[in-house]
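Taken in order, these protein sequences are the chains called D and C.
This note's numbering puts the first residue of the first sequence at 1, with every later residue one more than the last.
This note's numbering puts the first residue of the second sequence at 1001, with every later residue one more than the last.
Read the hints as simulated data drawn from the structure, not as lab findings.
Idealized CB from N, CA, C, for every residue including glycine.
Treat the hints with care, since some could be wrong.
Quick partial rundown of chain C residues pointing at chain D, CB under 8 Å, derived from the structure [as the list claims (entries may be wrong)]:
#, residue
1, T1050
2, T1076
3, F1084
4, S1092
5, A1114
6, R1154
7, E1182
8, L1183
9, K1185
List time: in silico SDA-like cross-link candidates among lysine to any residue, alpha-carbon distance up to 25 Å [to be verified]:
#, chain 1, residue 1, chain 2, residue 2
10, C, K1069, D, P416
11, C, K1059, D, P292
12, C, K1012, D, L420
13, D, K600, D, D556
14, C, K1010, D, P292
15, C, K1185, C, G1130
16, C, K1059, D, R419
17, C, K1065, D, V524
18, C, K1074, D, L415
19, C, K1012, D, R242
20, C, K1074, D, V290
21, D, K141, D, P292
22, C, K1069, D, L291
23, C, K1069, D, L415
24, D, K601, D, L110
25, D, K600, D, V619
26, C, K1069, D, N687
27, C, K1059, C, S1094
28, C, K1012, C, T1056
29, C, K1012, D, K601
30, C, K1012, D, V290
31, C, K1074, D, G217
32, C, K1074, D, I256
33, C, K1074, D, A411
34, C, K1185, C, T1234
35, C, K1012, D, P292
36, C, K1012, D, R419
37, C, K1012, D, I456
38, C, K1012, D, F164
39, D, K697, D, N687
40, C, K1069, D, L420
Listed below are the residues making up each chain.
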Amino acid sequence: MQTFLQYTILGLAIGGSYFIAASGLVVTYTTSGIFNFAQGAIAMIAVFTYWQFRWGWNWPAPLALLMVLGVLAPLLGAALYQVVMKNLRGTSEVTKIIVPIGVMLGFQALATWVWNPTSSTPRQFQKFFGPNAFVHFGSIKVSWHEIIAFVIAIAIAVGIRLLFVRTRSGVAMRAVVDDPELLQLNGGRPERLAMISWAGGSFLAALAGILIQPMIGSAMSAGQLTLLVIDAFAAAMFGRLRSLPRTLAGALVIGITTTYVIAYFPSKWTWASSFRNSLPMIFLFIVLIVLPQDRLRGATVLRLRERFRMPSIRTAWIAGLVLMVVVFCLKVIMERTAVNTLTLALTFAIIALSLVLLTGFAGEINLAALSFGAIAVIVVYHFGTTGSGSDARTTLWGILLAAVVTALVGAVIALPALRLRGLYLALATMAFGVFVSRMVLTERNERDIFGLKFTIFTAGQLTIPKPKIGPFDFNSPDAFLFLCAGLFAIIGIGMVYLRHSGYGRRLAAMKDSPAASATLGMSVVRLKLSIFMMSTAIAGIGGVMMAAQIGTVNSDRFDILLSLSLMMITVVGGIGYISGALFAGIFLIAFVQMLDLTLKKFAVDYSSIEAIFLFFVSVVTVLPATIGITMGKNPSGAVSEILNGLDQIKQSKPLVITLVGLEAAIWALAATDVITNWHFVILTMVNLFIVPVVGGKVLLARAMRGVPKPVPPELVGIDRPFTFDDLAEMDRALDLEGVVVPSAGTVREGATGVSA
Amino acid sequence: MSLLETVDVKVKFGGNVALNDVSISVEAGSVTGLIGPNGAGKTTLFNTITGLQPLTSGKIVFNGKDVTKEPPHKRTRMGLARTFQRLELFTSLSVRDNVRVAGEIRNRWSFRTARMDVNAETDRIIQLVGLADVADREVGEIPTGQARVVELARALMIQPTLLLLDEPASGQTEEETEQFGELLKDLARNDGLGICLVEHDMALVMKVCETIHVLDFGIIISSGTADYVRNDPTVIDAYLGSPESVG
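Please construct the entire structure, taking both the sequences and the accompanying hints into account.
Structure, rendered in structure tokens:
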């Protein structure tokens, strides 16, 4: 009985903290329509800042609290809205999901930079009034901290409810998400309200973090705190992102269940602690299954700023060939380690292709691509290899089996969420990712499953040999490099074929308007399911290639944060393009590593200013997130921007010849060892980025010579006389093509014609 | 038996009654008009018929079958097609592909024997509605009036028995509207289609509709022939405001 009460109270306190974080999510979502994936990251930053004030600099607790909760957290939230989130109006659901994830990754990188986890002693975080402040109720003792957490949660529940129902600004806040323009017409100020709610949401996140940290363990971990957000997600889903009472109920249920698992599961169940960690994910799934079907969404695309154009099949084949040639040329001049990096980058590019297929073609989101890769790797490890030692090879059948199993797992994960909005599928996959990391990849004990004895993740690492397909052995690094490049090209070309097929058009239709697709008789759920399975199968194949390249992989290789980074960078590269996937792989693996190595090399070479270079090394870790955050400004991706630039260049033969010629010369110099690879990289950059820009300017200037400057339309007739061309131009701009100018007798009858 | 009947359809948004016991019917082989001021609930009624909007109470009977519980795609497969007032075109596809994909979707659910030659049918429909000139353009580039015709073409591709058109003529030129009216009459008379038309262009409505239902604040205030509805004092009040409230 004493245990029961003790753990119930702890559960209520933890659940209360979950609720506080979840209520912040609900508030920001209802007012800005953006689901704040960074909620946990904000909590994490707040916890570390509080630790810095309270124990790092020994400030008194009230002052530290005031500073963090009263000043910094609200400021952070407001700034986030003003600088980042405000730009997301009119962007697609994908961008609205990716940008907060960028913020989350940014904070994560920032925290490991500022509060280096490997240095010094572990940071201790204590409960309010110290670890020994208890109240005794009969035989049970309860810490003041737990009581405070629970009471604050209830107070906040009541407070927000009153705010939303009773006050003018609360009602206005609810109106913001329904129709910001209408609210504006009625004198409301949606932007300001959204900013205030972000400040509030950030405050709630910070509060939840500070309350929960000492209850879940005293050593602080940036990753663990950031993923606290999943527990909050699960609670918020209970309330369907709207109802606060139901969110509170959900949070308390999750809190209590997790403590009961600790209290009552027999200690010989070695999986109990992973199970406890996975509980919120399991809850999230149950909620998704129970939620009623969403209404079908209509088109938002007409108003969107993002557009993707598919290349023709011929272009795809040419691009594939070019890729193979470039890879070959690079291989000739590169060192062994660089070849390995390039191969790894290509395997990631294959995984990113699965994201392009799912998100770019079908508009759905998978945030845990690498976790599906992990499933495939486990399958290959157990069932897909032959031989042993240095003769061990992955078989073709093993890879195919892995792809099939991954697709089936994908179907099981996605099915409950497919009936719902895209956000829910994103959440389901993220929960799956964390579940895989916490529950599956921690399975190191031998299990007896249906009489079959085996260990899922042997000794915390799996060894995947290089594949051998028929007579072709891909054991040598070069052969494997070409296999990966070829696989990327083939899958990419296949996707272009797919996009030009009836299936691809149906995907595009579903993405553009699910409502219209359904009223044409399409079973939207079935199509979504098929594309999700196809996409996870590709992720699985990419995952196996990745593992085969690395050789021996541990669970870190499939971390959810890495999946999120990959997704984000793919969106940055251009989620609608095959080249976007290539960009993602190269950028995430090769480019970041290259910058890192270069800077570290400089730091060693020029040790007097070492600090500056080491500072830039840290900057590089934050770089991907920073780029992700800017997505709001250019949602179609970076590659499309570059390709648009290239389109202009293609018009000019001399420029193309200059570009290719210069590059060939640079390559020849590198191949003959006249210049080092460092120089090759730098010269290539210069060639690719500077020549088109300068050349474009020159060409433009030449083309414009003799052409009069365009006159702004409002000055036509003032600066120069009116012409028929101007009229035509105006008609085109105003969409008046073909309008017959009515003469006096043919005025159309309007809506009031009834009475005539 | 009517092709489509709505029986006491009621839809509430919170405390707001959008449709209050609305009962209308649409006959095969004729054009039925649904008119009413803005916000009367016309589009909401279309959404309930196609299954995009759940009912609070009442039922929808299509082809003699109660389809109230069926999801949108199942209703379409029984022969129900619609266009949207706020355009729902597939913006990443060209005009031709917008029409073609509708046929491809149809071939996925129709019986094997009923499958169509999508390319031939696409060409035929594009000719029929007069989109040949713009067929290869991006759907986002063409004027609104023509975009509405693309919606019509797409709906025709699934070879429906009932066609719901939500303000198909707005944004069209007078000439286009003229042709459009003839096309609707042809479709009803020659192909036996039941057509329900929501439209603000009264000239068009009066010309093509055999029956007209007038919806105001979620209630059917008048039903009958064009002549009857035109002279019904309640209808004139609804459109022009009643004399008392003005005076």
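Evaluated hints:
For C/T1050, the interface hint holds, the least distance from its beta-carbon to any beta-carbon of chain D being 5 Å, beneath 8 Å. The closest approach between the C-beta of C/T1076 and any C-beta of chain D is roughly 4 Å, which is under the 8 Å cut-off, so the hint is satisfied. Given the 8 Å rule on beta carbons, the hint for C/F1084 holds: about 7 Å separates it from the nearest Cβ of chain D. Among the interface hints, the one on C/S1092 holds; its C-beta lies about 5 Å from the nearest C-beta in chain D, closer than the 8 Å criterion.
Because the beta carbon of C/A1114 sits about 12 Å from the nearest beta carbon in chain D, more than 8 Å, this interface hint is broken. At its closest, the beta carbon of C/R1154 sits 7 Å from a beta carbon of chain D; the interface hint therefore holds under the 8 Å criterion. Taking 8 Å as the C-beta contact cut-off toward chain D, the hint placing C/E1182 at the interface is violated, the least distance being around 17 Å. With a least beta-carbon distance of about 18 Å to chain D, the hint placing C/L1183 at the interface is violated under the 8 Å criterion.
The restraint placing C/K1185 at the interface with chain D is violated, with a minimum CB-CB distance near 19 Å, outside the 8 Å limit. Annotation: proposed proximity of C/K1069 to D/P416 holds, straight-line Cα distance about 20 Å (limit 25 Å). The straight-line distance between the Cα atoms of C/K1059 and D/P292 is roughly 20 Å, inside the 25 Å bound, and the hint therefore holds. Annotation: proposed proximity of C/K1012 to D/L420 holds, straight-line Cα distance about 22 Å (limit 25 Å).
The straight-line distance between the Cα atoms of D/K600 and D/D556 is roughly 23 Å, inside the 25 Å bound, and the hint therefore holds. With a C-alpha separation of about 21 Å, the suggested pair C/K1010 and D/P292 falls inside the 25 Å cut-off, and the hint holds. For a cut-off of 25 Å, the pair hint linking C/K1185 to C/G1130 stands: about 16 Å separates their Cα positions. At most 25 Å may separate the alpha-carbon atoms for a hinted pair to count; C/K1059 and D/R419 meet this at roughly 24 Å.
For the suggested pair C/K1065 and D/V524, the alpha carbons sit about 23 Å apart, so the restraint of at most 25 Å is met. Proposed proximity of C/K1074 and D/L415 is supported: the alpha carbons are some 19 Å apart, at most 25 Å. Between C/K1012 and D/R242, the direct Cα distance comes to roughly 19 Å. Compliance with the 25 Å bound is thereby established for this hinted pair. The suggested pairing of C/K1074 with D/V290 holds, with an alpha-carbon distance near 23 Å, which does not exceed 25 Å.
Among the hinted pairs, D/K141 with D/P292 is inconsistent with the structure: their alpha-carbon atoms are about 42 Å apart, more than 25 Å. The hinted pair formed by C/K1069 and D/L291 meets the criterion: a straight-line CA distance of about 18 Å does not exceed 25 Å. Between C/K1069 and D/L415 the CA atoms are separated by roughly 21 Å; this keeps the pair inside 25 Å, and the hint holds. For the proposed pair D/K601 and D/L110, the alpha carbon gap of about 23 Å is at most 25 Å, so the pair holds.
For the hint pairing D/K600 with D/V619, the CA-to-CA distance comes to about 12 Å; that is within 25 Å, so the pair holds. About 63 Å separates the Cα atoms of C/K1069 and D/N687, which puts this hinted pair outside 25 Å; it is violated. Between C/K1059 and C/S1094 the CA atoms are separated by roughly 37 Å; this puts the pair beyond 25 Å, and the hint is violated. At roughly 6 Å between alpha-carbon atoms, C/K1012 and C/T1056 fall within 25 Å of each other, so this suggested pair holds.
A threshold of 25 Å between alpha carbons decides the hint, and for C/K1012 with D/K601 the separation of about 68 Å lies outside it, so the pair is violated. For the suggested pair C/K1012 and D/V290, the alpha carbons sit about 24 Å apart, so the restraint of at most 25 Å is met. The hinted pair formed by C/K1074 and D/G217 fails the criterion: a straight-line CA distance of about 53 Å is larger than 25 Å. Of the pairs offered as hints, the one joining C/K1074 and D/I256 is violated, with about 43 Å between alpha carbons and a cut-off of 25 Å exceeded.
Taking the CA atoms of C/K1074 and D/A411, the gap is about 23 Å. The hint holds against a cut of 25 Å. Of the pairs offered as hints, the one joining C/K1185 and C/T1234 is violated, with about 28 Å between alpha carbons and a cut-off of 25 Å exceeded. Our distance criterion of 25 Å between C-alpha atoms is met by C/K1012 and D/P292, whose separation comes to about 18 Å. Between C/K1012 and D/R419 the CA atoms are separated by roughly 23 Å; this keeps the pair inside 25 Å, and the hint holds.
Between C/K1012 and D/I456 the CA atoms are separated by roughly 53 Å; this puts the pair beyond 25 Å, and the hint is violated. For a cut-off of 25 Å, the pair hint linking C/K1012 to D/F164 stands: about 22 Å separates their Cα positions. Between the alpha carbons of D/K697 and D/N687 the distance comes to roughly 15 Å, so the proposed pair stays at or under 25 Å and holds. For the suggested pair C/K1069 and D/L420, the alpha carbons sit about 18 Å apart, so the restraint of at most 25 Å is met.
Taken one by one, the earlier hints fail for this structure at numbers 5, 7, 8, 9, 21, 26, 27, 29, 31, 32, 34 and 37, listed in ascending order.
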